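The listed protein sequences derive, respectively, from chains V and X. Residue numbers for the first sequence, in the numbering used here: 12 to 97. Residue numbers for the second sequence, in the numbering used here: 8 to 330.
Hints may be right or wrong, so weigh each one.
[What the hints assert, rightly or not] 20 Å max Cα-Cα, derived EDC-like pairs, lysine to aspartate or glutamate:
1) 22(V) <-> 56(V)
2) 34(V) <-> 28(X)
3) 34(V) <-> 88(X)
By construction, these hints were calculated from the structure, which means they are not laboratory data. Treat the numbers as computed from the prediction; the structure is a model and nothing was measured.
The lines below spell out each chain.
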Amino acid sequence: MFSGLSSTALKDILSSVEPVELKGVALLRQYTPTSSLIPTAATSDELVEATIEIIDYTRACEASLRRLTGLRPIPVTGTSIEEYSL
Amino acid sequence: MTTPQELQTVPAFLMHAMQNDVRISLANTAAWLDPLRLLEPGLIEEAYFDGAYEEDPDALAMYALSVARRCFPSVYCELVEGLRAGWDFRQIESAFCAGLRRAYPHLELEALYDMVYGVPLPFVGLDVTSPEFLDDHPDYAALLADTFDLHPVSTPATRWRNPYAVINENNFDAQQPIARHVIKSLIAQDCQPCADLAFLLMFLFSCTGNSLLDFSANAYWEVGFEPLDWEPDALSMTDEACREMTIVLYAVGRSMQRLAEDDALSSALKTNIAALKAAERIENVALNWPDGHRSGSLEPGAPGETGPDSCLLFLRHCYAETD
């Protein structure tokens, strides 16, 4: 059963999360703009794959956000709060 | 002062700057590939239902994009590319309908305006006791009269209506137990042409278990069912129901043809129904059928004492992908 988490452990968990490599971002990075800011060189298969991925990714982000907003308080131990200032 | 040559390098400079910033790069990717993400889905739907009745092409196209994004992203991708290329409403409509057909081969949508009625539901069920039935389906009416003795009853003219003939609803309902008994017996034969004949009777008596076959459009909407929302689950389910409907209708057509040509089968049907009508308890009546060709039979033990739902499983097994 979960009984608490130290701030150091929380920091370690968050910093160990691998960055997401999205295909759409990779396609954008490969693009050398000429007259348009919208990439034009991608094939339709690449576009479909990248679109499905970004839709899923934003849905997952929204779901995470919903879960976080509904989260009950979690005790974060090991953090010293020096003062309360207004 | 900036020279024209320097201005030409601005897009490359901006793009390079964006690519170096993870957050802006992600925002740019989302705006490029998924522009509808930036709009509130509820507002799109609201605009659609406001606009549909006035045939507002922009609202219709936006709603189609929203459905494509939710249900078949490859079509959404195609539509977004089309919009960037300057597609007009007809091109968007055509691409959406074709994309729907690719994703769900048994669904048909002719116009984006029809999306207001929900997922397309092609009801083909019979209203046997309606005045229109005799004119619309004289072949089925003749079969019901010939086998179940369901002859049309004339209704005299009134001030508001000309005289018309109709199959009495009480008489029709009274034949339901007999029809279901015959259907069970036919399925238990585990052979053709009995399976086809079973499905013909199930279609005539609206007991296939598939709403598309058991309801006419009028009857379905009069019951008060809501249109099916454009969601992936509803689309998959309707596509499967349409596939099943096609299979059953083919069986119905074959059986009508067979009854017209096969005196032994036709005669057995009439004899069995007459025996059931004369019996006090239909459960005790043993029905006899002519020998069939046993094409498309199931593994041993599968049919037996089956209800209508199991019958559909039987038919799927017999004809799926081969007819």
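Worksheet entry | Non-conforming hints, listed in increasing numerical order | 1
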